[in-house]
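Asks: Build the full structure now, drawing on both the sequences and the hints.
Same order as they appear, the protein sequences are chains A, B, C, D, E and F. Here the first sequence is numbered in the working numbering, starting from 235 and rising by one per residue. Here the second sequence is numbered in the working numbering, starting from 235 and rising by one per residue. Here the third sequence is numbered in the working numbering, starting from 235 and rising by one per residue. Here the fourth sequence is numbered in the working numbering, starting from 235 and rising by one per residue. Here the fifth sequence is numbered in the working numbering, starting from 235 and rising by one per residue. Here the sixth sequence is numbered in the working numbering, starting from 235 and rising by one per residue.
Simulated from the structure, these hints should not be mistaken for lab results.
Which copy is meant is left open, because identical chains are indistinguishable; a pair holds if it fits in one copy or across any two.
In silico BS3-like cross-links for lysine-lysine, where the CA-CA straight-line distance does not exceed 30 Å: (1) 346 <-> 505; (2) 293 <-> 505; (3) 346 <-> 495.
There are 6 protein chains.
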Amino acid sequence: MPDTWTYYNGQWMPRSQVRIELGDRGFYLGDAVFDLFRTFGGKPYRVREHMDRFFRSLKYVRIDPGLSPEEMTALGLECVRRNEPLRAEMGDWSIWYAATRGLGDWRMLDAKPTVIVQCAQTPFGSFARFYETGAHAVIVKTRNNTPETLEPKLKHTSRMHLVMADVEARDVDRDAWPVLLDREGNIAEGSGSNVFIVTDGVLRTPTDAGILQGVTRTAVLEMARQLGIRFVEEDIQPYDLYTADEAFFSTTPAFALPITKADNRMVGEGKPGKVTRQLLAAFSESVGVDVVGQALKYRTSRSSV
Amino acid sequence: MPDTWTYYNGQWMPRSQVRIELGDRGFYLGDAVFDLFRTFGGKPYRVREHMDRFFRSLKYVRIDPGLSPEEMTALGLECVRRNEPLRAEMGDWSIWYAATRGLGDWRMLDAKPTVIVQCAQTPFGSFARFYETGAHAVIVKTRNNTPETLEPKLKHTSRMHLVMADVEARDVDRDAWPVLLDREGNIAEGSGSNVFIVTDGVLRTPTDAGILQGVTRTAVLEMARQLGIRFVEEDIQPYDLYTADEAFFSTTPAFALPITKADNRMVGEGKPGKVTRQLLAAFSESVGVDVVGQALKYRTSRSSV
Amino acid sequence: MPDTWTYYNGQWMPRSQVRIELGDRGFYLGDAVFDLFRTFGGKPYRVREHMDRFFRSLKYVRIDPGLSPEEMTALGLECVRRNEPLRAEMGDWSIWYAATRGLGDWRMLDAKPTVIVQCAQTPFGSFARFYETGAHAVIVKTRNNTPETLEPKLKHTSRMHLVMADVEARDVDRDAWPVLLDREGNIAEGSGSNVFIVTDGVLRTPTDAGILQGVTRTAVLEMARQLGIRFVEEDIQPYDLYTADEAFFSTTPAFALPITKADNRMVGEGKPGKVTRQLLAAFSESVGVDVVGQALKYRTSRSSV
Amino acid sequence: MPDTWTYYNGQWMPRSQVRIELGDRGFYLGDAVFDLFRTFGGKPYRVREHMDRFFRSLKYVRIDPGLSPEEMTALGLECVRRNEPLRAEMGDWSIWYAATRGLGDWRMLDAKPTVIVQCAQTPFGSFARFYETGAHAVIVKTRNNTPETLEPKLKHTSRMHLVMADVEARDVDRDAWPVLLDREGNIAEGSGSNVFIVTDGVLRTPTDAGILQGVTRTAVLEMARQLGIRFVEEDIQPYDLYTADEAFFSTTPAFALPITKADNRMVGEGKPGKVTRQLLAAFSESVGVDVVGQALKYRTSRSSV
Amino acid sequence: MPDTWTYYNGQWMPRSQVRIELGDRGFYLGDAVFDLFRTFGGKPYRVREHMDRFFRSLKYVRIDPGLSPEEMTALGLECVRRNEPLRAEMGDWSIWYAATRGLGDWRMLDAKPTVIVQCAQTPFGSFARFYETGAHAVIVKTRNNTPETLEPKLKHTSRMHLVMADVEARDVDRDAWPVLLDREGNIAEGSGSNVFIVTDGVLRTPTDAGILQGVTRTAVLEMARQLGIRFVEEDIQPYDLYTADEAFFSTTPAFALPITKADNRMVGEGKPGKVTRQLLAAFSESVGVDVVGQALKYRTSRSSV
Amino acid sequence: MPDTWTYYNGQWMPRSQVRIELGDRGFYLGDAVFDLFRTFGGKPYRVREHMDRFFRSLKYVRIDPGLSPEEMTALGLECVRRNEPLRAEMGDWSIWYAATRGLGDWRMLDAKPTVIVQCAQTPFGSFARFYETGAHAVIVKTRNNTPETLEPKLKHTSRMHLVMADVEARDVDRDAWPVLLDREGNIAEGSGSNVFIVTDGVLRTPTDAGILQGVTRTAVLEMARQLGIRFVEEDIQPYDLYTADEAFFSTTPAFALPITKADNRMVGEGKPGKVTRQLLAAFSESVGVDVVGQALKYRTSRSSV
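Replies: Put into C-alpha cells, the structure is as follows:
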C-alpha cells in the first residue's frame with residue numbers, strides 16, 4: 235500500500251512515520267473522537283456535515299483541538315490534495331480525522347490534544363461483494379450504548395462493544411454484519427452503519443435519537459425525498475427486519491448495501507431490493523461515480539481503517 | 235522522567251521509542267485489554283492474580299496474545315528487573331501490560347496482536363494528599379457499563395465513559411473522584427477503583443458481579459478477615475455512602491484511600507476513618523513499605539499512566 | 235352447538251372429530267401461530283390482511299406450513315362456504331387458522347406442521363352488552379410481552395400471560411376487561427384487543443411497535459380518515475385513559491367496544507362516546523351489517539374460541 | 235414406539251387414543267401447567283418435590299384440577315406401574331402430568347380442567363452424547379421471562395420463547411443448547427435446564443428467584459454438600475461462564491450434562507470437568523443406575539416429550 | 235409582604251391567618267394536588283387550561299373537591315379581584331389553588347377535602363436576571379418520576395425528588411437550575427419548567443408523555459406556529475442540549491427563560507438566543523405586558539410560592 | 235379525641251393550636267422528613283434506632299433541624315411524659331416527629347426548618363381486627379420508589395405514590411392493604427410496613443436495600459434469632475407470597491399482622507400462621523404488653539396519623 239501524506243500535530247508526514255505515543259490518552263483510555271468523510275471521483279462529499287458532527291463530538295467530551303472548524307476543514311481538503319497522485323491506484327479516499335485528549339495520566343483532563351488527519355483507502359474489499367449478493371444481518375445480543383453510559387451519537391474510539399458485536403455475528407455466519415439493539419429491544423444500528431428497511435413501499439429507519447447521526451443516513455433520506463419515496467423514522471424491531479420487503483445498511487464508504495438475509499430468515503426475495511437499487515443508481519448519478527462498479531473494481535485491495 | 239525499558243512486540247527498547255501505529259485496532263477502535271500490577275519496595279505484588287485476570291479478559295474478547303501466562307509473567311518480572319536502577323528515583327513501579335488485536339481494518343478480527351509491557355511510575359501525585367485529607371467522592375450521572383453492552387469485569391481500553399465520569403465529578407469539585415452507579419442505581423465503582431464503606435463496624439462493598447474484580451479489593455477483604463473485621467458484599471446505594479461511618483476507595487497503586495465527603499455530605503466525622511487507617515497500617519506491614527509515607531514522599535512527581 | 239366443517243392436516247371433517255395429539259408441540263410447548271378473520275353477513279372481511287399477518291408470524295417463528303398464502307386463503311374461504319348452511323343459526327363466523335410445529339420432542343424443530351382451519355361462532359355473548367353499557371377497563375400489573383422475550387407482534391398460542399391478565403382484571407370487577415402496560419408503563423393493548431381514546435376530538439392509540447398489529451385497529455384508523463376524524467399513534471399512559479373524553483377497544487369480532495370506566499374512574503360521561511358510535515355506524519354501513527344489532531341478537535349463544 | 239397407558243380426564247387409555255380438543259384452552263391459549271418426574275431403574279425419583287411444585291403452579295394460575303396432591307401422586311405412580319412391562323424396551327420413564335383450564339372461550343376462567351398423566355420415554359437421544367463430548371452452550375438474545383409478564387418459576391406450556399431460544403442457538407451450532415439471560419443480563423437458565431459453573435473449586439449457580447426452581451438443581455446442591463463441594467447461589471454473567479473451570483446443565487432426565495464450549499470459547503480444558511463427573515458418579519450410585527451408561531445405551535430411541 | 239385575601243375551606247381570610255392542620259393528609263402524606271395560573275397586567279392568563287389540568291389531577295388521584303370547575307374558576311377570579319389593590323406593589327399574581335384529601339389517618343381515603351386558593355406574588359426575584367444572562371442548566375442524576383410510581387403529568391405536592399434535584403444542581407453552580415432525565419436517559423423537564431432547544435432553526439421539546447403538560451409549553455408552541463417557527467416534539471438527549479444553537483426553560487411565571495450554559499458547556503454563543511428573544515417579544519405583545527421589563531423591575535421582592 | 239401536648243418550633247402547645255403555614259415547604263412541596271416510635275405500656279420502644287434513622291434522613295436531604303440527636307430524643311421523651319395523663323384513655327402513643335425545610339419559595343434551600351413532635355394515638359382501629367382474621371395483601375401495579383428518583387430508605391412526606399397504592403388495593407377489596415413491587419418486579423414493601431413470609435419453616439423478607447429500613451423489621455429478625463427461627467433476607471416475588479405457608483406485615487404500631495390472603499389466593503391455610511403467632515407472643519412478653527389484646531381493646535378509637 236502506498237504511503238499517504240498524513241497530518242500529525244502540526245506536521246505533514248508519510249503515514250508510516252506517524253506513531254502514537256504509549257502515554258497518549260487516545261491509546262490507553264480510548265479518550266478520542268474522530269470523524270470520516272469520503273471522496274467520490276476525488277471530490278470530497280459532505281465535508282461540512284462531517285465536520286459539524288466532529289465538533290459536536292469535541293464539545294460533548296470537552297476536548298479543544300486548538301483548531302477551528304475552518305482550519306480542520308482546510309486540513310482535510312489539503313490531505314485530499316496532497317494524496318491526489320495516489321488516487322488512481324487506490325480508488326477513492328476515506329479521510330479520517332481525530333483528536334485525542336493528548337499525553338497525560340488519567341486525571342490529566344487539560345492535556346495538549348493530539349490531532350491527526352489521514353487519507354485511507356476506502357475499504358472496498360470489505361463490502362463490494364454485498365452489492366451483488368446482499369449482506370447477512372445478524373442481530374447480536376451485545377446491545378448498543380445508551381446515553382446514560384456513553385452517548386451513542388458520539389463518534390469516539392472506545393468501540394470495544396462494536397468489536398464484540400462483530401465477533402458475535404461471525405459465530406452465526408463468517409460473512410455476517412452485526413446489528414445492535416437498543417436497551418428496549420429496538421433495532422439501533424450496525425457497527426458503523428445505519429439500518430433501513432422497506433415495507434409496502436415505505437422506507438423505514440430508526441430515529442437518530444439513540445444512534446450515530448449518520449451523514450449518509452441523512453443523504454439516503456434526502457435522496458428518497460427527491461425520488462418521491464415515502465419514509466418514516468420510527469422504532470423498528472427485529473420482526474420488522476425479518477418481514478421487510480427489502481433492507482440495507484447505509485455507510486459513508488458504501489452509501490447503501492443490500493441486506494438479503496437477517497438471522498437466517500430470507501429478507502424479501504433474498505436479493506438486492508428495487509428501492510435499494512434505485513437509491514444506489516440515483517446516488518451514483520448525483521456524485522458522478524458508479525459506486526457499485528467502482529467498489530467491484532477495487533475490491534481486491536485492503537485499507538487499514 | 236527517566237526512560238524506562240519497555241517491551242513491545244518481542245523487543246525491549248526505551249519507552250520513548252515505542253510508538254503505536256495509526257492502524258492499530260487498539261488505537262482507533264479501543265480494541266485492547268490490559269492489566270497492571272504494582273511493586274512495593276521493588277517487590278512485585280500479586281502478579282498471578284493480575285495475570286489471571288488479564289487472561290480472562292483476553293479469552294472474553296478473543297484476542298490470542300501468542301504468549302502463555304507464564305511467558306507474560308516472565309516479561310512483567312523482567313521489566314521490573316531491567317528498570318530496578320531507576321526505582322530509587324521513581325519510588326515504585328506500576329507494571330502495565332496490554333494486548334491489542336493488532337493492525338487491521340474493522341473486519342480484521344484475526345490480526346497479529348500488539349503486546350506491550352511497561353514500567354510506569356506509580357502515580358503518587360494523583361492521590362497522596364488524600365491519605366491525609368480524604369477524597370471527595372462525587373456520584374455522577376454517567377452510569378457504569380452493563381454486561382449487555384460491555385462487560386464491566388473486562389479490563390479494556392475503551393474507557394471514554396470513565397473519562398466522562400471524571401469530567402463530570404470535576405464540575406462539582408475540581409479535586410473530586412467520581413463514583414459510578416449501575417443501571418439499577420446501586421453504587422458500582424470509581425473510575426479505576428472499588429468503593430468500601432464502614433457502617434456500625436461492618437465493612438461493606440458491592441458484590442463483584444458488575445464491576446472490575448479488583449485484586450486490591452480482594453486484598454482488602456482478606457486483610458479484614460485477618461484483622462477480625464466483619465464484612466459483607468452486597469448492593470449499596472448512595473444513601474449508604476452518605477450515612478456511613480467511614481468510606482474509602484481501593485486501588486492497585488494506593489491500596490486504600492479515605493473518602494471524607496460524598497456529594498457534599500460529610501462522611502462520618504469528615505476525616506480518615508479508624509478502620510481505613512487500621513487496614514492501611516496492616517497492609518504497610520504486610521508489604522514492608524509504609525505506603526502512606528512513600529506516597530507523600532514521592533507526591534511531587536507525575537507518571538503518564 | 236352445531237358441528238362445523240373443519241380442516242385438519244389435509245382433510246375436512248366435523249369439528250368434533252378433530253383432536254390434537256398429546257405430542258404436538260402446539261399443545262405441550264405453545265409452539266404454534268394462528269390468525270383469525272371474521273365474516274359480516276357471511277362475507278369474509280379483510281382476508282388478505284389477516285393472511286399476510288399469519289405468514290409474517292410463520293416466518294418469524296420459522297414454521298413452514300407447507301402451504302402458500304394462496305392455498306391458505308383458499309382453505310379459509312372454503313371453510314366459510316362449507317359452513318354457510320349453519321350461519322343463520324350462528325350469526326357470523328370467526329375463521330381461526332393455525333399452524334403448530336407438529337409432532338416432536340423439544341429439540342425437533344423440523345417436524346411436519348399441523349395445520350388447522352375452523353369456523354367458530356363469533357363470540358357475541360362475551361361482548362354484546364358492552365355496546366350498550368360500555369366495558370370497564372382494568373389496567374393490570376401483568377405486563378405485555380417485550381420483543382426481547384417474545385415479540386408482541388406475533389400471534390402465537392403461548393398466551394398464559396394474557397390469561398393471567400384476565401384473572402387479575404376480574405379481581406377488581408367480575409365483568410372487567412384487562413389492559414396491559416408495556417415495560418415502560420405505557421398502555422399496550424388488551425388481551426386480544428387494541429385500545430383507543432378520544433381527547434379533544436382527536437382519536438389516539440398506541441403505535442403498533444409493541445403490540446399485535448391489529449387489522450381492525452387499521453380499519454378503525456382508515457374509517458377515521460374517511461370520516462375526517464383526526465388521529466395520532468403515540469405513547470399513551472393510564473392518565474390519558476382516565477381523563478379521556480371517550481375510549482374503546484377494537485377487536486376483530488366486535489369492531490369497536492365502548493369503554494366507560496377505567497380503574498373505577500368514569501371515562502368521559504360514563505356512556506358510549508360520540509366518536510365511538512359514529513365509527514360503529516359507519517363501519518356497519520360499510521360491511522352491510524348492523525354490527526351492534528347483530529351482536530345483541532346473538533348474545534345468548536357461546537362459542538369456544 | 236410402544237403405546238403407553240395414559241390417564242386422561244378420569245380414564246386410563248393407550249396414549250395413541252388421547253387427543254386434545256380444539257377448544258381446549260391448553261391448546262389454543264397455552265393455558266396449562268405441568269410437571270415431570272423421572273424413574274431411575276423404574277423407581278420414581280423425588281415425586282413429592284415435583285408434585286409440590288405442580289400444585290404451586292396450579293395455585294398461581296388459579297386452576298383447580300379437582301384432585302388433591304395425594305390423588306395426583308397416586309395417578310403418577312399408577313402410570314409407572316401400568317407401564318412397567320414396557321420399561322425394559324424404553325429405558326426409564328419421564329412421567330409428565332398436566333392440567334389445562336379446560337374447554338371454554340377466552341373469558342371462560344372457571345371451565346372444567348383437563349388432567350393428563352403420561353409415561354414418556356426419557357429422551358436419551360437428545361443428550362446422551364454430551365456426557366462424552368460436552369455440550370456447546372450458546373447464550374441467546376432471547377431473554378427469559380420476568381415476573382412482571384410471566385413468572386419464570388411457573389411450569390406452564392406457553393413456551394414459545396424457549397422454542398425461539400432453541401432456534402437461535404442452532405444458528406450458531408446445529409448441536410448447541412441455548413442459555414437465556416434475565417433482563418439485567420445475568421445468566422438465567424437453559425430451555426428446560428439449570429446452569430452450573432465451577433470456579434476455583436466452588437460450584438456456582440444463579441439463585442432460584444428468576445428461574446424454574448429445578449428439583450434436580452436442588453438435588454445437585456444437596457449432592458455437593460454431601461461431597462464437601464462448596465457452592466454459592468448468586469448472579470452469574472456470561473463472563474463467568476466463559477472463564478469457568480468447568481460447567482454443566484442440570485435437567486430432570488439427565489441430572490448433569492457437561493458444557494465444554496460457550497459461545498465458541500472453550501470452557502476449562504474443553505472436556506467434561508472433574509466436579510461434574512464426580513457429581514454424576516455420586517448421583518448414579520445414589521439412584522442405583524449408571525445414568526451415563528444407561529443414556530448411551532438407549533440413545534438411539536426418541537421420545538415425544 | 236402585604237397580607238393577601240386567601241380562600242380556605244369556604245372562607246376568605248388574610249393569608250397570614252390560614253394554617254394547615256397537623257393531621258391534614260396534604261401535610262403529612264403529600265396527598266394533595268394543585269395548579270397555578272398567572273395574571274399579566276392583572277389579567278388572568280389561560281385560566282381554563284390550568285383549571286382543566288387541575289381537574290384531571292383530581293380525577294387521577296380521586297379527590298373530589300366538592301366544587302365544580304366553574305366554582306373553582308370563580309374562586310380563582312375572585313381571588314384576583316379581591317387582591318387587585320395590592321397588585322401595583324406586587325407586580326402580578328400567581329394564583330395557586332389546591333385540594334388536599336383532608337383530615338384523616340393513612341387509611342382515610344374519603345375524608346373531607348381541604349381547598350385553598352391564594353394570590354402569591356409572581357417570584358420575579360428567582361428568575362429575572364436570567365432574561366439577561368441566561369441560566370445554567372445542570373442535568374442531575376436524580377431522575378424524573380415514571381408513570382409506574384407516580385404519574386409525572388400529575389401536579390401534586392409530593393415533590394421531594396424535585397427538591398433533591400435542586401440541591402444537586404447547586405453543587406455544580408449555586409445559581410444553576412436542574413434538568414431531570416427520564417428513566418431512559420432522555421431530557422424530561424426542569425423542576426417546575428419545561429425545556430426547549432433550537433437546532434438549525436427548529437424548535438425542539440420533549441413530548442408531553444412523561445412530563446407535566448405545561449400550559450406555557452403549549453403557549454410556546456402556539457406562538458411558534460404563529461411566528462412561522464418550525465417545531466417538533468420528540469425525545470431529546472443531553473447531547474442535543476449541549477450542541478443546540480439556543481435553549482430555554484418555559485414556566486408559567488416567566489414564559490421563556492434563556493439557557494446559556496448546560497453542564498458547563500456553552501450553549502450556542504453563550505447568550506440569550508434569537509428565537510428565544512423573538513418568542514418573548516411576541517408573547518409580551520400578546521399579553522400587553524413587557525414581561526422582561528416587568529420582571530427586572532420587581533426582581534428585588536420575594537414571594538413564598 | 236383529647237388535645238395532646240405538642241412541640242412546634244420551640245414551644246409546647248395543645249395539638250389543636252398547631253398549624254402549618256401555607257408557605258411551609260413541608261406543605262406545598264412535601265419537603266420534610268419524619269420518623270415515629272411507639273410506646274408499649276407507656277414505655278418508649280427503640281427510640282435510639284428511630285432517632286438514628288431520622289438523622290440519616292435529615293443528612294440525606296440536607297435539612298439541618300438545629301437540634302442534636304440528643305435534643306430531639308429529649309423532646310420525644312418529654313412528649314411522652316407530658317401526655318402520660320391521657321394514656322389510659324388512648325392506649326399507647328405513636329410519637330411522630332418531623333422537620334420541614336421551613337418557610338420559603340422553591341429556590342429557598344436554606345430556610346429555617348419547622349420542627350414538630352407530637353404524641354398521636356396508636357391507630358389500633360386500622361389494624362386490630364387483622365390479628366384475628368388476617369389481612370388481604372393486594373399487590374398493586376403502582377411501583378415503589380427507586381434510588382434514582384427518590385431513595386426508598388428515606389422517611390419523607392412525599393407519599394402520594396403510597397396513597398395511590400392504597401386507593402388501588404381498595405378496588406380489589408375494600409379492606410385490603412397494598413404491597414408494592416420494586417422496578418424489577420420483586421416484592422418491596424407495604425405502604426408503611428415490611429413484608430415477611432414463612433416457607434418450609436424459614437422466615438423470608440426482602441433485603442433492606444430498596445425499602446424503608448424498618449426498625450420493627452429488625453426487631454422481628456432479632457426475635458426470630460432468639461427463638462431459633464431460621465431467616466433469610468433475599469429477593470422475593472409474588473409467587474413466593476402466594477405459595478407461602480404463612481405471611482405477615484411488620485409495622486411500628488402493630489409489630490406483626492398476619493396476612494391470610496394475597497391477590498385472592500389463600501395464603502397457607504387462610505388463618506394467622508404459627509410462626510407469626512409465636513413472634514407476637516414473644517414480642518408481647520418482651521415489651522410487657524399483650525399487643526394483640528391491647529389493640530383489640532382500643533380498636534374503636536381512631537387517630538389522625
